[in-house]
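Knowing the structure of chain A, use the given hints to seat chain B on it.
Okay, here's what each chain looks like letter by letter:
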Amino acid sequence: MVLKAFFPTCCVSADSGLLVGRWVPEQSSAVVLAVLHFPFIPIQVKQLLAQVRQASQVGVAVLGTWCHCRQEPEESLGRFLESLGAVFPHEPWLRLCRERGGTFWSCEATRRQAPTAPGAPGEDQVMLIFYDQRQVLLSQLHLPTVLPDRQAGATTASTGVLAAVFDTVARSEVLFRSDRFDEGPVRLSHWQSEGVEASILAELARRASGPICLLLASLLSLVSAVSACRVFKLWPLSFLGSKLSTCEQLRHRLEHLTLIFSTRKAENPAQLTRKANTVASVLLDVALGLMLLSWLHGRSRIGHLADALVPVADHVAEELQHLLQWLMGAPAGLKMNRALDQVLGRFFLYHIHLWISYIHLMSPFVEHILWHVGLSACLGLTVALSLLSDIIALLTFHIYCFYVYGARLYCLKIHGLSSLWRLFRGKKWNVLRQRVDSCSYDLDQLRLLVVAVQGLIHLLVDLINSLPLYSLGLRLCRPYRLAAGVKFRVLQHEAGRPLRLLMQINPLPYSRVVHTYRLPSCGCHPKHSWGALCRKLFLGELIYPWRQRGDKQD
Amino acid sequence: MEDERSFSDICGGRLALQRRYYSPSCREFCLSCPRLSLRSLTAVTCTVWLAAYGLFTLCENSMILSAAIFITLLGLLGYLHFVKIDQETLLIIDSLGIQMTSSYASGKESTTFIEMGKVKDIVINEAIYMQKVIYYLCILLKDPVEPHGISQVVPVFQRQSLTLSPRLECSDSHHSLQPPPPRLKKSSCLSLLRTWDYRCAPPRLANFFFYF
Chain A
1 MVLKAFFPTC CVSADSGLLV GRWVPEQSSA VVLAVLHFPF IPIQVKQLLA QVRQASQVGV
61 AVLGTWCHCR QEPEESLGRF LESLGAVFPH EPWLRLCRER GGTFWSCEAT RRQAPTAPGA
121 PGEDQVMLIF YDQRQVLLSQ LHLPTVLPDR QAGATTASTG VLAAVFDTVA RSEVLFRSDR
181 FDEGPVRLSH WQSEGVEASI LAELARRASG PICLLLASLL SLVSAVSACR VFKLWPLSFL
241 GSKLSTCEQL RHRLEHLTLI FSTRKAENPA QLTRKANTVA SVLLDVALGL MLLSWLHGRS
301 RIGHLADALV PVADHVAEEL QHLLQWLMGA PAGLKMNRAL DQVLGRFFLY HIHLWISYIH
361 LMSPFVEHIL WHVGLSACLG LTVALSLLSD IIALLTFHIY CFYVYGARLY CLKIHGLSSL
421 WRLFRGKKWN VLRQRVDSCS YDLDQLRLLV VAVQGLIHLL VDLINSLPLY SLGLRLCRPY
481 RLAAGVKFRV LQHEAGRPLR LLMQINPLPY SRVVHTYRLP SCGCHPKHSW GALCRKLFLG
541 ELIYPWRQRG DKQD
Chain B
1001 MEDERSFSDI CGGRLALQRR YYSPSCREFC LSCPRLSLRS LTAVTCTVWL AAYGLFTLCE
1061 NSMILSAAIF ITLLGLLGYL HFVKIDQETL LIIDSLGIQM TSSYASGKES TTFIEMGKVK
1121 DIVINEAIYM QKVIYYLCIL LKDPVEPHGI SQVVPVFQRQ SLTLSPRLEC SDSHHSLQPP
1181 PPRLKKSSCL SLLRTWDYRC APPRLANFFF YF
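Going down the list, the protein sequences come from chains A and B. Following this note's numbering, the numbering of the first sequence begins with 1 at its first residue and continues without gaps. Following this note's numbering, the numbering of the second sequence begins with 1001 at its first residue and continues without gaps.
Just chain A, with the same shape it has in the complex (with noise of 0.2 Å):
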């Protein structure tokens, strides 16, 4: 198998020393970390290689000898970096050579021992592979058998060789420490040796957060302490506390908050993407909803909406009745029996005439109302928009009646056409049946407007729970940082000279990320899409507007 060298773009350029990295003898494939400059003492090296190589977990070792001088080397300097060969012994013993300036490398690998096949030449072909030691140190890769964990623990043979660089030079962070203002006794020279890479504002944040943590963490626990009271699983309480949608969405909130101000650290790349996902969802929700209050309590928006309400629902309810008047007596209506027509029609009257008393009734108090559910907008969107839809489920409950009734009868009539139509197409046709039962029973337009009206509205409110912010945040700014692989490109070439390749990292497309790193969306309505909306309102199934037992829980 050909040998395959990656080493960092950052010492491309590095003076001539040891190559420290590590030998994967499964793949053929070294990975150099870093470069030791000269003078150095051996017995130094040994130590720090064993010091690192306990803290990381990764075998740390001289693979060879880097040398970067004005010609090719002199015969002494030769001698002298074949003995360096006897001091760290190493199978195989790497040697890259750079003309200063040049673009062509010349790089040997040698083994002392036999060859244990007959047929392997004594030297290896060297490929050369360069990579950016930064972004492959930050970047997760996302295979698509192997989970982004970085604690998969060592790489076996079945993994392949991108999964070993990867995790290796992840796990080394512990050599790349030092940089060159440290006083250490050797001189390395990695991707942070001309400065360490850290941030005031980041240092400053995690000090605080401890406190702030601790604080927020008591104050939710109290909370969830009262809610879980005896009071609330009372029979009235915990049955309106099952079926609201705002009592599951403020749940909700309050299990993604307490997870963020949790006193535990997040043990793994995942469950800190999890954590730093569920911030930015709750940022974007509390920012929305401060700006639906502003917009709300401007310019006494909430008295127009009030006074215009009591007017809405009087027309509303006229041409409801209007509608059953002309259903039940014209041509073209209810095409089932007349003495079932009138009892339907006089029943949904009825109905209405209920609702509109209710509605006189409490529109004194509407405009309070109103002002209170705006400030509940300060807790999140979605609190609003939950609280939104549970109001209208009670104002046109009535109408949600009406499409319940209306919406088993058209099912009814559509299993029965489909059964016509499965014998109509095994050409059959049955002489009795000549008359076709058209229903004609109209469902009004407003009664599957309010009944989309909510579904969206429980989509939307899904969507903004589940909508990976910050990972896809991070796609678009930082995209080296979510790899889904990697890209090679070949350098320059010349005949007789080692194959030279560029690896670079290839960015997880939106789709996968959304995929992977959506969030569990709440038991609202964990069954729907859009997709099946749209089927559930064509084939008359019924579409609740509230959660039902069966629902999953998350």
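Be a bit skeptical, because a hint or two may be false.
30 Å max Cα-Cα, derived DSS-like pairs, lysine-lysine [claimed, not checked]:
1) A:Lys487 <-> B:Lys1118
2) B:Lys1142 <-> A:Lys487
3) A:Lys536 <-> A:Lys413
Because the hints were derived from the structure by calculation, they are not lab data.
For chain B alone, kept in the frame of chain A given last:
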């Protein structure tokens, strides 16, 4: 070392295949297809605008004209960015993997890299497309769960539909599968045939696929 030949795809369009040989362990095959022709672009734009003008005379609404311009621009951008491929490249690096890059007319490049350890086999598949039989090269990937199973079939040059049809002269520029001799199995290299004569059976016929 570079080499260029021209072929035609299954619909009769011209394709140019370039072969670059970097080293014994690295080769690149580059397939380029003709650019967007001005004639077809003008024809489509004129059709859309004539239809919009017809609608405008019916409805007397000037929004239709601006909508037509908007749709044309969006459609052209979408076509250049998502559909029109200028060039497809296949880079084979021994003991590392196979890389397939598609470059679109808008400059976008989408790359897939398959590690050599994941490649189970490379086969020539026979497929029935409309009224003809076409042969195409594809890569079979190993299934991590089941050792004898196949997780994915990846066709090479899928967008340009370069096929190995018996009508084409295949000499030097086509690569075909040869099972590696047993002692070299570990290195899993691709070997290139000098000529492929259609009169002899293709080395390994996999499955029949029906395409519509």
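Check your understanding: Is the hinted pair Lys536 (chain A) and Lys413 (chain A) satisfied, with a Cα-Cα distance of at most 30 Å?
Key -> holds (15 Å)
Review point. Lys487 (chain A) and Lys1118 (chain B): Cα distance at most 30 Å?
Key: holds (16 Å)
Review point. Between Lys1142 (chain B) and Lys487 (chain A), is the straight-line Cα distance small enough, at 30 Å or below?
Key: holds (21 Å)
When the structure is compared with the earlier hints, no violation turns up for any of them.
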